[in-house]
Amino acid sequence: MTTSNGVAVHADRVSRHYEMGAAVIRAVDDVSLEVRSGEFVALLGSSGSGKSTLLNLMAGLDRPTGGAIFANGRNLSELSSLELARYRSRTVGMVFQSFNLLPRMTLEENVELPLRLAEVDRAERGARVQEALERVRLEKRLTHRPSELSGGEQQRAALARALVNRPTLLFADEPTGNLDSATGESIMLLLKEIQQKLGMTIVMVTHERPLAERFADRIAALADGKLLTDGVKS
Amino acid sequence: MKAGDLGELALRNLREAVLRSSLTTLGVAVGVASLVAWLSLGIGLQALATKRLSNSGLFDTVIVTQRRSLQSMRRGPAESSPAKNARALDDDAKKEFERLPNVVEVYSQVRFPTEVRYNGTPYSTIVAGIPESARGNGSFDGIQGGFFSGANADEAILQIEFARDLSTQPSSLIGKDLIVRYAERQALPPEAGRTPGGHAADRETGGFSIVPREKKLRIVGIIETEPAAGFGGFGSGRLLIPLEVASSLRAAQVNDLRDAVRAPTGKPVYASLTVRAKSASLVGGIETAIKTMGFGTFSLQDATKSLEVFFRIFDMLLFIFGSLALAVATLGIINTLVMAILERRREIGILKALGAADRDVKQLFFVEASVMGLLGGVLGVVFGWLVGRAVTFGINVYLKRQSLPPTDVFSVPFWLVLLAIVLAVLVSLAAGLYPASRAAKLNPVEALRYE
Ligand SMILES: Nc1ncnc2c1ncn2[C@@H]1O[C@H](COP(=O)(O)OP(=O)(O)OP(=O)(O)O)[C@@H](O)[C@H]1O
Ligand SMILES: [Mg+2]
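First to last, the protein sequences are chains A and B.
Residue numbers are given in my numbering: position 86 of the first sequence equals residue 86, and the series is strictly consecutive.
Residue numbers are given in my numbering: position 82 of the second sequence equals residue 82, and the series is strictly consecutive.
Simulated from the structure, these hints should not be mistaken for lab results.
Owing to the predicted nature of the structure, the values given are computational and were not obtained by experimental measurement.
Yeah, the Cβ is synthetic: ideal placement off N, Cα and C, and Gly gets one too.
Possibly wrong hints are sitting among the right ones.
[Claimed, not checked] DEER-style ranges, computed between Cβ atoms: (1) B:LEU386 x A:SER77: 56 to 62 Å; (2) B:LEU48 x A:ARG145: 56 to 62 Å; (3) B:LEU48 x A:ALA123: 58 to 64 Å; (4) A:ALA123 x B:LEU342: 33 to 39 Å; (5) B:LEU386 x A:THR143: 39 to 45 Å; (6) A:ASP30 x B:ASN335: 43 to 49 Å.
[What the hints assert, rightly or not] Chain B is faced by these chain A residues, among others (derived, beta-carbon under 7 Å): (7) LEU82; (8) ARG88; (9) PRO114.
Build the full structure now, drawing on both the sequences and the hints.
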């Protein structure tokens with residue numbers, strides 16, 4: 001099942017179990033999910049349903065205890081940890097609920113960090129940082145530190161950081177969770193714009209059904225680690 | 001990650017925790033300083049001891065004698081001439097010794113009791129001949145005035161005790177003249193032995209006469225410590241004059257008389273010659289060479305060897321002692337880096353989420369550790385050197401109060417500087433080993449889970 005034509009990420013009967021002494025916690029249990037290239041998928045579910053766990057598995061941040069994940073046709077389970085790091089660096093961009101910017105670095109330095117890790121030439125970096133910040137309309141805040149920005153601006157900076165290495169997959173874990181609804185909506189509009197302009201594949205975790213229904217192409221609902229619905233938005 | 005980025009991020013991290021990083025670095029510096037101070041003390045003391053001992057003439061000299069006493073004992077009392085394979089210790093032998101490799105000089109020890117007149121008052125004292133080589137070898141460090149102007153100068157250096165006998169203000173003696181009265185030995189024409197009025201003692205020696213003489217010498221220096229050169233050297237001399245002058249005085253040395261009688265060729269024969277080697281380690285070869293030439297030799301070679309062994313063990317103990325502080329500093333580095341992991345959990349998680357490999361995280365911690373090690377090493381060398389200077393200063397203040405010449409007991413050779421810095425970096429890297437691998441193994445999902 002490694003058909004990559006049109007499929008960006010494919011979770012094939014994926015499980016992530018945690019063994020807590022005698023008990024087994026099935027954070028993700030036998031989930032199969034296909035995300036098509038250029039698709040915007042929302043992972044919906046209540047707290048503890050396994051959304052983040054599934055997202056981390058697809059982003060190569062964690063390894064499944066069962067099943068397999070294919071990204072651009074490659075089985076992530078077969079990658080060494082160095083290759084997995086490379087996958088996170090070149091193919092994946094990530095955005096978190098709590099922004100996760102490094103507080104002591106300026107915006108410019110924060111956005112430059114993935115370029116350092118991907119060993120992009122110094123000469124090229126300035127333009128890449130500029131481009132990414134322009135895309136989220138923060139090009140005037142280069143020398144500011146995260147604490148000098150509003151929540152929405154911080155999330156936009158995090159988005160710029162996720163895009164700077166020009167990945168094909170964007171994983172966002174409740175990107176609007178720490179923002180008021182108006183600001184959250186502006187972030188969603190930005191994600192939509194990125195999907196449409198860059199043709200990026202986006203998987204976004206949220207527990208706000210209205211937001212998912214408005215912006216995502218498709219909703220995959222999780223409950224207790226199991227996939228409930230997996231359908232295209234009507 | 002590329003080396004440049006790694007370095008930048010590491011320095012940045014160290015700067016962000018500036019207090020903790022600098023305290024850790026200081027810990028390394030103190031450890032290295034302790035190591036440098038102890039080792040440089042060991043090296044300095046060794047150099048000092050070696051210098052003093054080689055100046056003493058005990059370790060870099062070979063005493064050469066004729067193989068006579070042993071042989072004559074074996075052959076019985078009737079046979080008193082040297083054995084056939086034993087050679088006469090005459091001027092020819094002396095020249096041969098001088099031609100041997102690594103020989104600095106060969107001299108006979110000239111020392112005799114004499115009477116000195118200064119300001120018309122007579123004093124009896126012992127004159128010793130000083131070889132020209134004493135000028136440069138440190139025996140006369142701390143002299144008041146100066147060394148002889150030349151090997152043939154009619155000049156004298158007074159031992160301080162003797163100078164005090166001559167004057168209450170010894171330093172005022174420099175530049176003044178004194179008169180040495182000595183007995184000159186003169187070979188008598190064969191008929192002279194029958195001359196009435198000749199001294200009875202002279203007749204016994206078979207053709208020598210002792211004639212009293214006087215010589216004027218200018219005082220050029222006063223020496224506080226007692227210089228020595230070889231066994232029975234000029235150590236006990238109180239009036240020191242150039243060796244050639246002393247020899248030319250042809251003083252009535254007891255040994256010379258006896259030797260002159262026994263020389264079969266009629267040439268003067270030395271009771272013993274002192275052969276000085278370039279360094280103590282070269283004594284062995286010279287001694288063997290002279291032995292095969294048919295002479296008896298004596299040196300303190302074994303003593304130098306045990307001295308070397310002693311200092312090697314001494315240095316090793318100092319190294320262990322000094323290393324203890326460095327070991328404590330190592331714990332400091334480990335502690336700092338482990339604390340940094342706890343504090344930077346989230347940051348490490350973010351780095352990994354952004355694509356950092358385990359290797360990148362590990363290297364980052366290693367670079368941080370080695371930067372602290374390098375800085376600590378350099379600082380430590382400087383601290384250690386300063387400690388050495390301070391202690392030397394203190395010792396010299398004390399020595400000066402005791403009217404002793406200053407000494408340098410610490411020595412920081414270049415290899416020690418390198419060793420200390422390299423050791424500090426290696427120790428820091430070793431200390432970084434555990435924290436770095438722990439940081440690299442950190443699970444990013446867990447690191448990012450909690451706020
Ligand atoms: N390291 C772990 N050890 C044990 N259980 C874990 C671990 N990580 C996650 N879990 C459990 O797995 C389940 C799914 O967690 P996950 O974080 O994926 O939920 P979520 O859907 O993202 O919830 P939320 O909306 O609150 O973020 C939870 O019950 C959680 O307690
Ligand atoms: Mg979650």
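Right, here's what the structure says about each hint:
1. B:LEU386 x A:SER77: 56 to 62 Å: 59 Å, holds
2. B:LEU48 x A:ARG145: 56 to 62 Å: Given about 59 Å between the Cβ atoms, the range holds.
3. B:LEU48 x A:ALA123: 58 to 64 Å: For B:LEU48 and A:ALA123 the Cβ distance comes to about 59 Å; the hint holds.
4. A:ALA123 x B:LEU342: 33 to 39 Å: 37 Å, holds
5. B:LEU386 x A:THR143: 39 to 45 Å: With Cβ atoms ~42 Å apart, the hint holds.
6. A:ASP30 x B:ASN335: 43 to 49 Å: Holds, at about 45 Å.
7. LEU82: The hint holds - A:LEU82 has a Cβ within 7 Å of chain B, the shortest such distance being about 5 Å.
8. ARG88: Nearest chain B Cβ about 5 Å off; hint holds.
9. PRO114: 5 Å, holds
Hint compliance for this structure: every hint is met.
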